[in-house]
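Work out the full structure, taking the sequences as your base and the hints as a guide.
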Amino acid sequence: MSDLARKTAENLRKIRTSKPLIHNITNFVVMNFTANVLLATGASPVMAHAENEVEEMVGFAGALVLNIGTLTDICVKSMLKAGRRATELGKPIVLDPVGAGATALRTAAAKKILAETKVSVIRGNASEILALGDQKAAGKGVDALHSVEEAGAIAVDLARTLQTTLAITGPVDLVTDGERVVEIANGHRLMPTITGTGCAATAIIGAFLAVDPDPVSAAATALAFFGIAGKKAGVMAGGPGTFMIQLLDALYTLTPEDVQQRCLITVR
Amino acid sequence: MSDLARKTAENLRKIRTSKPLIHNITNFVVMNFTANVLLATGASPVMAHAENEVEEMVGFAGALVLNIGTLTDICVKSMLKAGRRATELGKPIVLDPVGAGATALRTAAAKKILAETKVSVIRGNASEILALGDQKAAGKGVDALHSVEEAGAIAVDLARTLQTTLAITGPVDLVTDGERVVEIANGHRLMPTITGTGCAATAIIGAFLAVDPDPVSAAATALAFFGIAGKKAGVMAGGPGTFMIQLLDALYTLTPEDVQQRCLITVR
Amino acid sequence: MSDLARKTAENLRKIRTSKPLIHNITNFVVMNFTANVLLATGASPVMAHAENEVEEMVGFAGALVLNIGTLTDICVKSMLKAGRRATELGKPIVLDPVGAGATALRTAAAKKILAETKVSVIRGNASEILALGDQKAAGKGVDALHSVEEAGAIAVDLARTLQTTLAITGPVDLVTDGERVVEIANGHRLMPTITGTGCAATAIIGAFLAVDPDPVSAAATALAFFGIAGKKAGVMAGGPGTFMIQLLDALYTLTPEDVQQRCLITVR
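As they're listed, the protein sequences go chains A, B and C.
Counting in the working numbering, the first sequence runs from 58 upward without gaps.
Counting in the working numbering, the second sequence runs from 58 upward without gaps.
Counting in the working numbering, the third sequence runs from 58 upward without gaps.
In short, the hints are calculated from the structure, not lab data.
Take the hints with a grain of salt, since some may be wrong.
Identical copies look the same in the list; a pair holds intra-copy or inter-copy alike.
Computed cross-link-like contacts, BS3-like style, restricted to lysine-lysine with a CA-CA straight-line distance of at most 30 Å [unchecked claim]: (1) 168 to 288; (2) 71 to 175; (3) 168 to 134; (4) 76 to 134; (5) 175 to 76; (6) 169 to 138; (7) 288 to 138; (8) 76 to 138.
The model shown is predicted, which means the values in this text are computed figures rather than measured ones.
Okay, structure coming up:
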């Protein structure tokens, strides 16, 4: 645990020093908030989704963030192009399968991205992540699952099947590559009251992947950092509006030392 | 009046309990703010505009919000598809004809949506609403109208013609289905100083329609709730930035009891 | 200097009185923030990018803002249509070449807009602006340039070549039409910590162009006003979140008298 706490501080320090460019192809709801979250963390966000630009742009990036929140067929094409190029270049990709399992378009798009590119980390809630498995993997059905804990055993299997790292967020977050399982207990109850906290977590995982080649460690330390900022903001907030603003301030003002002391990461 | 005040509290309580899914096909300017407004109110927002997804998505929704603020021809197709499906399923639709009367594209799109789907409530300012009538209905021309009061008589006729409920917002809001006329005097002078307050009002009407089958009562109670939150936020704010943030906090922290006491609704 | 300070106050007063409509075809990241910045300043923003609507919309506008931040081929078409119509009508255009020099698509789009429309002011950072010149004009290459000061001499030449006014923003801003050179030293170190401050500066230049026919004076006074608001907000802020919100409050609450006293404009 203290290893990952130290690593959280180290990763944050590296981001603040190297200011990695994070290329986002993301949804229209959270573009502004995601860019501000990455800037406050210390990374350099770029949002670019034109099919005839994404391959060039991802060449400059330290990581690629794909988020299917307001998907269209044109977006999917751009995501696949950028993702294939990132795969060729060996650049880490993080996928946010927003709404996978809800509509056929979203589930299919997420699966296609997984099939055609090398995704380092998938970040979603339990339902979204488990929708990416086949029915056998999902076992009793996603609707019956209420917590990260219940999703844990299935997630380990699914990570092995998909050969990637899963980051399932909820009151307690779980990160697994099918071998290692890490839980992160940082966070605050106001986090789900604003739109885009999940998407922000995904983007921060992108920033951490740009400086940390181990997907499990990158995802776990990113979620610890984000949860610590959420807690700091939650204490200051009177509701979701002030929470959103205090969250940006917290991401910006937290030091590596602050973060190291507050990590609640458990290796299971 | 006290009936509608009680109804405001009751509708808010129902939203907080059932957390209805509100499907928004809305403009790019306000997507984030609208989602946060719905979350703070207690509803579950989803923003989805892909033509090959909207029919499936609206099937899960308690109401459909159509907003033509940054319209393109592709958006119009998605809105019509979602709207026709919502009509088949008997799900309430609220339309925000942003900029109707300003350009031919917008006026035509709003009229097409009205012709091909069953819209429960149209929410706009006086000019936008009256642009939906023909020239005879509009009488002396929309540019000559400066207030909800002046628009009142025309609005009653127009609601009958369009066979829907009109919600015209301004310093005093007016809701009419051509028979009943209700005025709502809640609100604050800072509300028009940020972008998307009108769009937010429309989305909240969507949330109220998901729990209240009477369009006049749903629209009037939604506008009272929103205006009460605006007043609470306005008292705390030093300008439009802090107002926007305090508005989200107010929507989240107001209780049904608070709301019932503060309603300024008059049945004319 | 005191002339431009007086002019800053005068332009702000004219915007607050005449509330010019500013037509923005801008990127999805900053649409909401840009609209709120224009409202707080006193202008009337409209965001409209549909190819079959932009010519009609720009007819109502006092200025046109073109921003290539999340460019696609469809956007470029709309920008050219709107830009050509604005040129015919003699309406001022301000261009923000976001990311010019980074990808071929963006550099080409910016150059095409410059070739086919009459742009009054281009606002960008040093790298973006210098990417618009050919290699000879750019001299030792944009990557070697670190400050507005270093870009100054090249900018004067480039303004002459492009026959437009350049507004290069940074710790000190520089405005030149190839003859006159003005520096603006207002601003705050938190300004680059949120996304869209550059885009907001561009939009405010649009509002000032709507009331001031001299592009150098319009750009310089707009940047002074924006920098003064940034400074006021920075003093109140605990990080980028609170800065963003205080910036909107400052734009709204600053009076022409406040602004006139605080201008740090130097004519070189």
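Determine which of the earlier numbered hints do not hold for this structure and return their numbers in increasing order.
1 and 7
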